[in-house]
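Asker: Okay, here's what each chain looks like letter by letter:
There are 4 protein chains.
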Amino acid sequence: MATPVGIVGFRGYSGVELVSILLKHPHVEPVLLEHRESDDKPGPLGHPGPRRAAMSPAAVHAEGLVAVFLATPAEVSMELTLPLLETGAKVIDLSGAFRLGTVENYKRWYKEDHHHPELLAEAAYGLPEFCRSRIPASRLISNPGCYPTAANLAIKPLIEAGVVQREAGIVCDAKSGVSGAGRKPSIKTSFCEVTENFSAYSVLDHRHVPEVLRTAGLEESEFSFTAQLIPIDRGILETIYFRAKNIGSAEDLLAIYQKAYADEPFVRLYPARHAPDLRCVARTNFCDIGVYYDAKTGRAVVISAIDNLVKGAAGQAVQNMNLALGYPETAGLL
Amino acid sequence: MATPVGIVGFRGYSGVELVSILLKHPHVEPVLLEHRESDDKPGPLGHPGPRRAAMSPAAVHAEGLVAVFLATPAEVSMELTLPLLETGAKVIDLSGAFRLGTVENYKRWYKEDHHHPELLAEAAYGLPEFCRSRIPASRLISNPGCYPTAANLAIKPLIEAGVVQREAGIVCDAKSGVSGAGRKPSIKTSFCEVTENFSAYSVLDHRHVPEVLRTAGLEESEFSFTAQLIPIDRGILETIYFRAKNIGSAEDLLAIYQKAYADEPFVRLYPARHAPDLRCVARTNFCDIGVYYDAKTGRAVVISAIDNLVKGAAGQAVQNMNLALGYPETAGLL
Amino acid sequence: MATPVGIVGFRGYSGVELVSILLKHPHVEPVLLEHRESDDKPGPLGHPGPRRAAMSPAAVHAEGLVAVFLATPAEVSMELTLPLLETGAKVIDLSGAFRLGTVENYKRWYKEDHHHPELLAEAAYGLPEFCRSRIPASRLISNPGCYPTAANLAIKPLIEAGVVQREAGIVCDAKSGVSGAGRKPSIKTSFCEVTENFSAYSVLDHRHVPEVLRTAGLEESEFSFTAQLIPIDRGILETIYFRAKNIGSAEDLLAIYQKAYADEPFVRLYPARHAPDLRCVARTNFCDIGVYYDAKTGRAVVISAIDNLVKGAAGQAVQNMNLALGYPETAGLL
Amino acid sequence: MATPVGIVGFRGYSGVELVSILLKHPHVEPVLLEHRESDDKPGPLGHPGPRRAAMSPAAVHAEGLVAVFLATPAEVSMELTLPLLETGAKVIDLSGAFRLGTVENYKRWYKEDHHHPELLAEAAYGLPEFCRSRIPASRLISNPGCYPTAANLAIKPLIEAGVVQREAGIVCDAKSGVSGAGRKPSIKTSFCEVTENFSAYSVLDHRHVPEVLRTAGLEESEFSFTAQLIPIDRGILETIYFRAKNIGSAEDLLAIYQKAYADEPFVRLYPARHAPDLRCVARTNFCDIGVYYDAKTGRAVVISAIDNLVKGAAGQAVQNMNLALGYPETAGLL
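These protein sequences, in sequence, are chains A, B, C and D. Note that the working numbering has the first sequence beginning at 296, numbered continuously upward. Note that the working numbering has the second sequence beginning at 296, numbered continuously upward. Note that the working numbering has the third sequence beginning at 296, numbered continuously upward. Note that the working numbering has the fourth sequence beginning at 296, numbered continuously upward.
Everything labelled a hint here was simulated from the structure, so no lab data went into it. Any given hint might turn out to be false.
Same chains, same names: a pair is fine if it fits in one copy or spans any two.
Derived pair list, reagent style DSSO-like, types lysine-lysine, alpha-carbon separation capped at 27 Å [stated by the list, open to error]:
{"hint": "1", "residue 1": "K402", "residue 2": "K483"}
{"hint": "2", "residue 1": "K554", "residue 2": "K591"}
{"hint": "3", "residue 1": "K319", "residue 2": "K336"}
{"hint": "4", "residue 1": "K406", "residue 2": "K336"}
{"hint": "5", "residue 1": "K402", "residue 2": "K591"}
Please read all numbers here as calculations on a predicted model, not as lab measurements.
Assemble the whole structure, with the sequences as input and the hints as a guide.
Answerer: Rendered as structure tokens:
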């Protein structure tokens, strides 16, 4: 019998993806927790969709939810988390509310005070490839940002292997589909503004940057990041540039990743000099990586691709849930 | 009365754009030169379009063409140019046939022998903002590549102003609409492969790189370039990263461009920390530039945007024609 | 010297198109009339754009505006028109405020009372191909809806020629780009909802229907209309089905249009059995028409294509202005 | 243990979809049958994909294939089928080779002679909702065309219920994503020709028409069909117009479908006056239907939506395989 888990924010793009993944999960079933008034359009007759309940600690008890996903904005997640934790349910938060470790960092990048510093300190950062050990015992898991997921999976093994000339800096040129901006209507995500267009935003100033610095172990001066909007629904592709040392070929670069990810089910590596693209990761929990290196000059390029709604949000959240609840890590994700 | 000018390759995307611009030009009128058999679909009744003739030196004489545009592949342009020049017409070639200066460079990047080294040496590089003086007296003008146009307009003023820490390298992450790949059907440009996708190609190995090195005065080791396909029709956006020196603010960066382009009609500058996008240059001959700088760490980003078919091809070709034939440089382009 | 004309609603998609057309017009120049607070993003330095003034009768006097375009919602146009007319300026309204002839009709289709029945009666319907004679003497011109423009140009000649079996009905299956829905952010026009989608709306109940009935002279029971959203920026294509009588071939159908539009500069006809598409009319004031007929069964199809922002809005408004102010009808539009 | 089934044509869009569905099927596993030389790009390391074999009767024996899918062009399917049947495997053909029943019909619509009239007569038409009974005992199943699947599911219940005024005709305005045109590169499906465009083809003359006439029981004079290309990857939406009789409301129309499809797992009905769209069927085997009716005039509209690659091709082929091999009809499809 399937174990019920709750979802707050099930109408947003990450929330819809989460429900869709959980409906196919072999061990759990989703319960939609209503947090605001419904404006749902009627769907087909006789297909009512998952169970629903009001979002409240009482309902979490009554429904027997062992975990609750928050696919809500940071300021909403910040307030909902404590009451939910007090029910005994684990909380997996997809927002930035608990990602940055310190109130100072939160204040700087999110331009707001953090109301729950104690939870900020307690939260486990849910990037399983690097933080797997802390997740099972944590009652609060902070799911990583979409850009940092693709960036850290590409950069951290390089830093650890000592092949980056750090004084020259790492450039991460990131491109995302529009679903990354959320479902709330806005002129910036209106069809006619986005189609046949391409634009940068938050240049050198994106709130996802500190997640990369913290996880990959970089100084701010070593990392240049630009976010850009592709006129597509979903997907993140990051083109990462650095000057390499201590390697002789693209195959050497590849070998670093092969060693780092030998046992990882969700990182796929391409042969040297072959690039992943967004189609190859769409609707999957994979992060695909391709490597390039010019031996004559030491210039290197690594390309990292994920589906921002899956490995960049809902899929990774389910991966974390699997770890937190003791299911096989890949359950419902392959 | 309008002066006739010829176009070979008028069915490709650059060729169609060229015809469209020339039809509105106040001083010239296009004559379409048939070079291969027609597969044209019927257009509306009673709207026959521009005059047509067979592509031949005799027709160039008979039609009184004072200039001929070649919107053909490099290997075709290479063979057509000499016979055309011998008619006395000026030739403006939109291909890569005559861009690289030496047969060695051509052989390396285009993987073929060059059959007309004498023309390679003679050709004027048609980037008016930097090479304006040579154009009027040249009988052969080599129109720049689309990527190098956006790159050189952004990078060359920085190099000349001495504000780039060259040892750290310049990264140019370039994105192009699909029309840049030409009109010939290919699985790579098929709708279903491109839509909802984003992919890199020619990573660290694009044949447009030597045009940037040559014009901006960079060493190969100093310049990392990746080309990428955006699922849109037209437009190139390049995000350029470097470590700056000798400046204190984004405004200082902006001032360099303001000085360099004070009298240039086709370069537009955005206020510091404001990025151009592809909509703002679509169907124009403008190159739009925006600047970012982090004073604390010295990291800088410059964003450069053009329409690949206009400033990156047909529009710049007309700009060159205007210079070559003595018309106002902006005629037909504003 | 150019004559100044005003534009209210210059930030919407029709308004932007209107300004763009007027900037290239040989006889007039646009003056932007601010009607609400500006949220404009900074554009390139040194390119300030057209002159601006506050929207007020006093400013219309002060600026010497001989005509004012209203690219505003119907309820705004309804209130702005009278004060503007009292300045002596002609008003060309792009909304539905004055299209339907009677208050009853307006009430039924726009679900609101009409506050200026006297203007409703006075307004000239601005479809020049059929209503040209009334326009020069009118001080208020009501620009047609985008769907009815494409529909009436295709249907009215058929009705007048008596070749439609009216008892079987005419079906008009209409598809529009997203700009037709306006610039106001909405979940319905959000990129992620529209891309890779296609959907119908206002089935059998679109407020543009009465414009077709009135102009083409059809009964409601004779005309079935569905509007649908294509994931593109601009363009309307209508596929029109009917059972024909009194003709023997597609060429006979074509001949009806050739006679009706012999002197019309903005209607283009395709050879029989060749369909126009949206690319062929994009950014033009043309309506392109193609015809099909199956002689064995009498089934006929006519395809009509326009750019919804040009012939369907701003271009036709300028065509009307040309007629109203005595300029050549095609000025600024070819 | 999974039963092996073969796929010829696994690189086309239907073939890729088929492999993807079969990989998740609980009872079978796909074996890719190479029919021409491979041009496959390298995929991620260590993810080799399904088993492969040469396409030959010997391999069908050796691999123990109990069924073979042909996702090949009609002329290829026509030649491959007999040798495959002689191995004892069932053949499920996704092409038009065996859909039309008679050699005369094939010759008229496919403009070629049919080389295997005996198979044409033998093939079962694989539209389970109407032809379920013949499928289990057939060794050759002809999978329906994409357009006829959406059309017949919408139209046949209406004809059977006697609510269509047939003398006025039925109009089916059909729109398809580009994947319906196949994967072979062509100017018609090149990105730059399709994006920001919309166009009709095969007006009144599409080879899918006879499948609708045959299945729904219509005369050619009663059915007008236009196919149109939407700039999206996948999905078919058909807007169907007719004059109704013997009903009083949209709810009456809906009731006809509710009765017809009470036990059908893959047809979903929307509440009256609510339209399905392509997002709601993307990557599913559902056909969604919505109904509209104007009681005053008798005009009716039915909207039918499928994913052309799933219910319109690969999904329906698997549904047929389930019936042919005795698995639950929905296995692998929900």
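Asker: Taking the hints in turn, state whether each one holds.
Answerer: So, going through the hints one by one against the coordinates:
1. Taking the shortest Cα distances, K402 and K483 sit within 27 Å of each other inside one copy (25 Å), while across copies they are farther apart (34 Å).
2. Taking CA atoms no more than 27 Å apart as the test, K554 paired with K591 passes inside one copy only; the shortest distance there is 25 Å, against 36 Å between copies.
3. For the identical chains of this complex, K319 and K336 are intra-copy neighbours only, at 23 Å inside a copy versus 31 Å across copies, given an alpha-carbon limit of 27 Å.
4. For a Cα distance limit of 27 Å, the shortest separation of K406 from K336 across copies, 22 Å, qualifies, whereas the shortest one inside one copy, 35 Å, does not.
5. Taking the shortest Cα distances, K402 and K591 sit within 27 Å of each other only across copies (19 Å), while inside one copy they are farther apart (44 Å).
Hint violations for this structure: none, all hints satisfied.
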